[in-house]
Amino acid sequence: MTVRPPPLAPLTRPARLRPGARVAVVAPSGPVPADRLEAGLDLLRAWGLDPVVGRHVLDVHPRL
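By this note's numbering, the letter at position 33 of the sequence shown is numbered 40, and the numbering carries on one by one without gaps.
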């Protein structure tokens with residue numbers, strides 16, 4: 008006998024980001040090299056977004 012899982016709820020997509028939308032930039036898995044961070048910020052700006060860099064993005068934690 009095969010047991011089928013219940014159907015999944017329909018996928019809900021968030022609204023598209025509009026030009027000028029603020030986006031948070033964080034680094035939860037560890038520090039980001041400054042040159043790669045700048046490249047990413049430049050790309051977000053080129054897309055018309057307003058990146059806001061988290062306070063600790065470049066911090067080095069002794070355990071990471």
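Check before you lean on any hint, since a few could be wrong.
As the list claims (entries may be wrong) - Pair by pair, the computed Cβ-Cβ distance ranges are: (1) R20 to D49: 40 to 48 angstroms; (2) R11 to R43: 15 to 23 angstroms; (3) G55 to V33: 15 to 23 angstroms; (4) L65 to G27: 19 to 27 angstroms; (5) L48 to V10: 47 to 55 angstroms; (6) E45 to T9: 49 to 57 angstroms; (7) V30 to V67: 22 to 30 angstroms; (8) A31 to R11: 38 to 46 angstroms; (9) S36 to P12: 46 to 54 angstroms; (10) L15 to D49: 47 to 55 angstroms.
Rather than coming from a laboratory, the hints here were simulated on the basis of the structure. Owing to the predicted nature of the structure, the values given are computational and were not obtained by experimental measurement. From the three backbone atoms N, C-alpha and C, an ideal C-beta is built for every residue, glycine too.
Please name the hints from earlier in the document that this structure breaks, with their numbers sorted from lowest to highest.
1, 2, 9 and 10
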